[in-house]
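Asks: Residue-level listing of the chains:
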Amino acid sequence: MTIICLSFLIIGVFLSLSNNLQFLARQLSENLAVVFFLEKGLSPSDTEAVMRTIRSSPHVGQVRYVTPQEALRRFRQRFPQLQEVVAGLGLNPFPPSVEAVLKDKTAESADVLSFIDSMRRVKGIEDIQFNRDWVERMRSLSRLARAVGFFLGGILVLASFFIISNVIRLNVLARKNEVEILRLVGASNVFIRVPFLMEGIAIGVLGSLLSLALIYGVIRIFPVYLGSSLGVLQEIVNFRYLSVGQCLSLVAGGAVMGFLGSLSSLARFLKI
Amino acid sequence: MADMIELYHIWKQYQKPVWALSDITLQVKKGEFCFVSGPSGSGKTTLLKTIFRELVPTHGQIIIAGKNILRIPGSRIYQLRRQMGIVFQDFRLIFHKRVFDNVGVPLQVLGMPRKEMRRRVFNTLRMVNLHHKIWEFPASLSYGEQQRVAIARAVVNNPRIILADEPTGNLDTELAFEIIGLFKEINRHGATVIICTHDKEIIRRFAERVLFLHSGKLIGKEAV
Numbered sequence: 001m002t003i004i005c006l007s008f009l010i011i012g013v014f015l016s017l018s019n020n021l022q023f024l025a026r027q028l029s030e031n032l033a034v035v036f037f038l039e040k041g042l043s044p045s046d047t048e049a050v051m052r053t054i055r056s057s058p059h060v061g062q063v064r065y066v067t068p069q070e071a072l073r074r075f076r077q078r079f080p081q082l083q084e085v086v087a088g089l090g091l092n093p094f095p096p097s098v099e100a101v102l103k104d105k106t107a108e109s110a111d112v113l114s115f116i117d118s119m120r121r122v123k124g125i126e127d128i129q130f131n132r133d134w135v136e137r138m139r140s141l142s143r144l145a146r147a148v149g150f151f152l153g154g155i156l157v158l159a160s161f162f163i164i165s166n167v168i169r170l171n172v173l174a175r176k177n178e179v180e181i182l183r184l185v186g187a188s189n190v191f192i193r194v195p196f197l198m199e200g201i202a203i204g205v206l207g208s209l210l211s212l213a214l215i216y217g218v219i220r221i222f223p224v225y226l227g228s229s230l231g232v233l234q235e236i237v238n239f240r241y242l243s244v245g246q247c248l249s250l251v252a253g254g255a256v257m258g259f260l261g262s263l264s265s266l267a268r269f270l271k272i
Numbered sequence: 001m002a003d004m005i006e007l008y009h010i011w012k013q014y015q016k017p018v019w020a021l022s023d024i025t026l027q028v029k030k031g032e033f034c035f036v037s038g039p040s041g042s043g044k045t046t047l048l049k050t051i052f053r054e055l056v057p058t059h060g061q062i063i064i065a066g067k068n069i070l071r072i073p074g075s076r077i078y079q080l081r082r083q084m085g086i087v088f089q090d091f092r093l094i095f096h097k098r099v100f101d102n103v104g105v106p107l108q109v110l111g112m113p114r115k116e117m118r119r120r121v122f123n124t125l126r127m128v129n130l131h132h133k134i135w136e137f138p139a140s141l142s143y144g145e146q147q148r149v150a151i152a153r154a155v156v157n158n159p160r161i162i163l164a165d166e167p168t169g170n171l172d173t174e175l176a177f178e179i180i181g182l183f184k185e186i187n188r189h190g191a192t193v194i195i196c197t198h199d200k201e202i203i204r205r206f207a208e209r210v211l212f213l214h215s216g217k218l219i220g221k222e223a224v
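Just so you know, the sequences run in chain order A and E.
Position one of the first sequence corresponds to residue 1 (our numbering), numbered consecutively onward.
Position one of the second sequence corresponds to residue 1 (our numbering), numbered consecutively onward.
Hints were generated in silico from the structure; no laboratory data involved.
Fair warning: there could be bad hints in the mix.
[Unchecked claim] Partial list, computed: chain E residues near chain A (C-beta under 8 angstroms):
#: 1; residue: Ala2
#: 2; residue: Trp11
#: 3; residue: Leu70
#: 4; residue: Ile72
#: 5; residue: Arg81
#: 6; residue: Ile86
#: 7; residue: Gln89
#: 8; residue: Arg92
#: 9; residue: Arg98
#: 10; residue: Val109
Beta carbons: idealized from backbone N, C-alpha and C, even for Gly.
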């Protein structure tokens, strides 16, 4: 039971981690914005011209002008511990900027990159920041987490399969006399096999349910222990619980594995 | 009366060059009560095992109630065995189950409702005078009582054929007579009964027909 539980626990934890990273990636891509940093001292008419150029792109949804004062206020809000550093400078280091939110699906297309490249040549734009890389990184990390989870879990599921198979084999051997009697009094193969199969399924289901309970416990307790010491990483390790579909899949996986494990054992050791 | 069990030229070899059964041909009529006798190792148990198809003979044909049982696929053998009640010399009781469950096993495999099962098991145990021990475990019963539980299990579903392998082995004469008396009673209700025994006293007292085996050969089919 421990190994079965452990194998599903590993799959579950990695699924949860993958869910979390995907969630982050989705959040990032939903708010995927391109920030165009403007030259300092750009005249209002030039600023308006730059904004017009940005708005004219089919990839861009909302466009918003951010003054240096607003940028400074945001910085102070987000990083209160760095307030003194800015105060020590004696001047506002932030340039004016234009934030352009990309339209849905646009972030995926290669056209956006060429659009951003073309914008680099526009007069008045000093620099452009586009956090698409982060989204990509999150997505590939999520894919990696899922793959590692399935790989490690897969190995353990295979181990569980053999363990269930052996548990059933021991039960078959322990109940050999009873099985023999059942055969001789006219029990059908199905009648003899069903209890063993049910036992295998029960072991698989209980193992996976136990792993779900443990995952739930880990997800609840883990962030409490780590607290805010993780800083930005807290969002990553703050696992979200598995979806209903994933939970059901894990339980069904346990049942199928239990069924197959006992079936293979019965085929080898219960000659009826 | 029609034949219930027909064996034609049955040969059985476990390993060369010894034949456990050699060219056995015999017929047992419906409702007949007969003994199979012979010394140890003469092939009595092998003969019984071929009849309930625990063993498949090397050669020959076995017809039970008009059906060639060697043509029944392995997955359908249970249908043949449901027509038979088998009593083993070593009883083969399930020791972690109560007397009720042991006797009820043949009914359980038929999917009989619990209430009906309880009635049938109780009546059968009353027949073998063990109804007062219905909720006990076999280990708490005497040797003779365990044997009677095994007989009750063999007859509880009213089988057409009863096969008993040395059912009185290691029992004292009085108890052995009592057990064979039970089989006689079951036979009177219409079942065909074949009992393997080497007990001459029992044969002398109860036999109507005796089949003698020696070194796997049928050396006599006598009606007493």
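Asks: Run every hint past the structure and note whether it holds.
Replies: Okay, the hints, checked on the actual structure:
{"no.": "1", "hint": "Ala2", "result": "violated, 23 angstroms"}
{"no.": "2", "hint": "Trp11", "result": "violated, 24 angstroms"}
{"no.": "3", "hint": "Leu70", "result": "violated, 18 angstroms"}
{"no.": "4", "hint": "Ile72", "result": "violated, 13 angstroms"}
{"no.": "5", "hint": "Arg81", "result": "holds, 4 angstroms"}
{"no.": "6", "hint": "Ile86", "result": "holds, 6 angstroms"}
{"no.": "7", "hint": "Gln89", "result": "violated, 13 angstroms"}
{"no.": "8", "hint": "Arg92", "result": "holds, 5 angstroms"}
{"no.": "9", "hint": "Arg98", "result": "violated, 14 angstroms"}
{"no.": "10", "hint": "Val109", "result": "holds, 4 angstroms"}
Violation of the numbered hints given earlier is confined to hints 1, 2, 3, 4, 7, 9; the remaining hints are satisfied by the structure.
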